[in-house]
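Number of protein chains: 2
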Amino acid sequence: MAENKKQVEQITDMEVDFAQWYTDVCKKAELIDYSSIKGMFIYRPYGYAIWENIQHLMDAEFKRLGHENVYLPMLIPESLLQKEKDHVEGFAPECAWVTMGGSEKLEERYCIRPTSETLFCEHYKTVIHSHRDLPKLYNQWCSVLRWEKTSRPFLRHREFLWQEGHTMHATEAEAREETQRMLNVYADFMENVLAMPVVKGRKTDKEKFNGAEETYTVECMMHDKKALQAGTSHYFGDGFARAFDITFTGADNQLHHPHQTSWGSSTRLIGGIIMTHGDNNGLVLPPKVAPIQVVVIPVAQHKEGVLDANRAVVERLTAAGFRVKMDDSDKAPGWKFAEYEMKGVPLRLELGPKDMEKNQCVLARRDSGEKTFVSLDGLESAVAEALEAIHQGLFEKAKRNLEEHCYPAFSLEEAKAIQEEKGGFIKTMWCGDEACEDRMKAEAGMSSRCIPFAQEHLGDVCPICGKPAKHMVYWGVAY
Amino acid sequence: MAENKKQVEQITDMEVDFAQWYTDVCKKAELIDYSSIKGMFIYRPYGYAIWENIQHLMDAEFKRLGHENVYLPMLIPESLLQKEKDHVEGFAPECAWVTMGGSEKLEERYCIRPTSETLFCEHYKTVIHSHRDLPKLYNQWCSVLRWEKTSRPFLRHREFLWQEGHTMHATEAEAREETQRMLNVYADFMENVLAMPVVKGRKTDKEKFNGAEETYTVECMMHDKKALQAGTSHYFGDGFARAFDITFTGADNQLHHPHQTSWGSSTRLIGGIIMTHGDNNGLVLPPKVAPIQVVVIPVAQHKEGVLDANRAVVERLTAAGFRVKMDDSDKAPGWKFAEYEMKGVPLRLELGPKDMEKNQCVLARRDSGEKTFVSLDGLESAVAEALEAIHQGLFEKAKRNLEEHCYPAFSLEEAKAIQEEKGGFIKTMWCGDEACEDRMKAEAGMSSRCIPFAQEHLGDVCPICGKPAKHMVYWGVAY
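Chains as they are written, first to last, in this note's numbering: chain A, 12 to 490; chain B, 12 to 490.
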């Protein structure tokens, strides 16, 4: 390994400087590049291919549950954005505004969508009339723009790619059910596809989405013990419907306002993958979204029959549905090994003359470095098993990281001390007051991550103010 | 048929008012809706699903040819847009400009991308260094914005969805080859997937893309005999590479500028589908991109076993890979027939108690109205054959429309008279001067569609100015 590392450009060790390690991986694995506008990034082929795989799998699940994709305009007239008070207050400060069309000054300025609730509501008003028109289960894949002051690849962009689901329902119960259903879709996706274990819970009022009645979240823990909000699902009640005057005639022949949800996840998931699974040799990709699942490296490729044997393996694995790439370039094997390690390819297959004699090949796991000899006869199932084992291995390692770094605390000072010494999620009781959240932020640098569904009783009072406790809360430093 | 039509909202006959017929179909087939911003449209689920099918098939072909997808920012700094003189002159007049970020006025204004050559060039400058880095074969699926004064659903939007390919090559020959390869990808796609026959050719200098050395096009003829430019492929030479100072070290160890192409197609293809295949009962979709390929309508569905038999058929066809929907709602069959005719579903399958006794069902073709009884035993192949026959039928009908409405003309007056009486593509010899194109436009209302690859010799002189002719040109009124 040490030898290989010399052959590619070094990246900073994560123990030395995690932030620099992260940036190095983003650049050296060729995931992303900077553009000339601060905070706007270029998704390079390898990074975009991960997103395509995420899209493909998530979209199939949305559709299986009856959702339909649509595309709404990227511009929102200022007057439309202002229709829901809490919503505009939250988003207006970070809008980019279009004020000129061609050479003419516009009569009303338009913001580039930071999110599309207002646009969906305007459309829903024209297509929802009767209870027969409900539910509307829409989703949109697009980019959104938020004019933030700081930026970091994948984690905080001024423009980022995401999906936003927007649904309308005849009853509160149905809308609440949808909110939970989609939260669970995200939780299952993070765990079963991205191998990222989650904590599920509800956001506090301070942290909820602007305009929502309730926001639910899946929170993941990164390798550096910081939190990443990986997906959120919002219940709106009929607040937007009232603001936008959306009504339908019920089976009772009366006019009603529909109940609404929205839910979103974004390319920050790629940042989550990097920081959950990566190591000092670079990226480590969960097999289900890896653009290349198996890289085939011919050994002694100049020898007779080696390339043909390797090509046959590529054909077999491709036919079996794996994403496979052969590298028969003239680079040294050590160089190739290091390069595909940097790119996080889950499985490396080596096949040379000696292996051919024995009707076998070598499979090397990116996550553990483990190498095994495998008979070519059962290659397809051996590869499938290895990829599944890698997924499981990644998930279990991340799960241990999460479980080993959740600490109860019984005073603000203790919470602060644990955060400074160990990081992680710190759980305390909480009175429900925003003032205590503000104190935790000011004194211990942590925001509330969620009120987890899995509540524990750690006492009867809020350790911050001493008032009676309402919930147990997870606190953390978040990306 | 007449009976059915009474049961859904009427659309204008295409012979009465083609433009109104088109708008009616767009709305009644639930493809698209208007937003509150002029020229910006909402792609509704059924319209967007057509686009998803187009994307899916086209993207697979791009990837098969080695292209990789990327995503670049939506904003272009004004200074970047200005780097290539012809390009900025063409696009600046229709840019939407962002001048405010949050509450702050920007130091430099940014335009929302009308196309992304400049952004790609900026990125290529950072990733191309050696001949080993070439070719770069990138594609991007995104929306672009052009602040046009007039708009029409799918055909002319201020914001529309498209793909833009951008490639860089070591040699002129390779770049020219790519330009033609991608033109042929479009031509094959239009004909083999969308059943839209094309005329392939080169644009005149007046009609070429701003900044390109040469633009190639596939031109389709709509039912009303007007032209639709369905896809274009541009050869740039090294003009942008020079303007952006992009160089690479060749195998000869010298610095060179790479040669560039770009190529694009957009959601206007959906407009093309509507106007090529539609009829007075609504939309007619080519089977390969139809969101629903077969609609299954149970007959006498209250009778015992009917719904089960229909469900079994849906399961079989879905398992065979067809996109199938059953409508067992309580609407009258005539209503359902008319509704799915309006939506252009290629094949309707009817199955009732009498059919069940005979182990058969009815297949009704949307394009011809033809109904056949088909044994349930070989249903999968019968459906596959019917869909293929529909594709062929649509293509041949459109091909006849194209071939029967191409007329030679030998004077400007004749060209004008033919256009007024018959419409279609009018072919004449041409001297190559823009002044003659301007006269044709001013006097006969036609622009040059292309210099077709399939040249004919219709004489030795330009019928407009009398100077020696260089090419035969197709003229037409274009969308």
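If you're looking for bench data, these hints aren't it; they were derived computationally from the structure.
Bear in mind the structure is a predicted one, so any value in this text is a computation, not a measurement.
Incorrect hints may have been included.
No distinction is drawn between identical chains; accordingly, a pair holds when it is met within one copy or between any pair of copies.
As a list, the in silico SDA-like pairs of lysine to any residue whose alpha-carbon atoms are at most 20 Å apart [said to hold, decoys possible]:
id, residue 1, residue 2
1, K478, E188
2, K147, P302
3, K74, P56
4, K74, E63
5, K116, P88
6, K49, K136
7, K236, E425
Hint by hint, here is what the structure shows:
In this assembly of identical chains, K478 and E188 lie within 20 Å of each other by CA distance neither inside one copy nor across copies; the values are 33 Å within and 75 Å between. For the homomeric pair K147 and P302, the shortest alpha-carbon distance between copies (18 Å) is at most 20 Å, but the shortest distance inside one copy (33 Å) is not. For the identical chains of this complex, K74 and P56 are inter-copy neighbours only, at 12 Å across copies versus 26 Å inside a copy, given an alpha-carbon limit of 20 Å. Within a single copy, K74 and E63 get their C-alpha atoms as close as 16 Å, and across copies as close as 13 Å, so both meet the 20 Å cut-off.
When the C-alpha separation of K116 and P88 is checked against a cutoff of 20 Å, the pair qualifies both within a copy, at 14 Å, and between copies, at 18 Å. In this homomeric assembly, K49 and K136 come within 20 Å of each other (Cα to Cα) only across copies, at 18 Å, whereas the closest approach inside a single copy is 37 Å. Only within a single protomer do K236 and E425 lie at most 20 Å apart by alpha-carbon distance; the minimum there is 17 Å, versus 78 Å between protomers.
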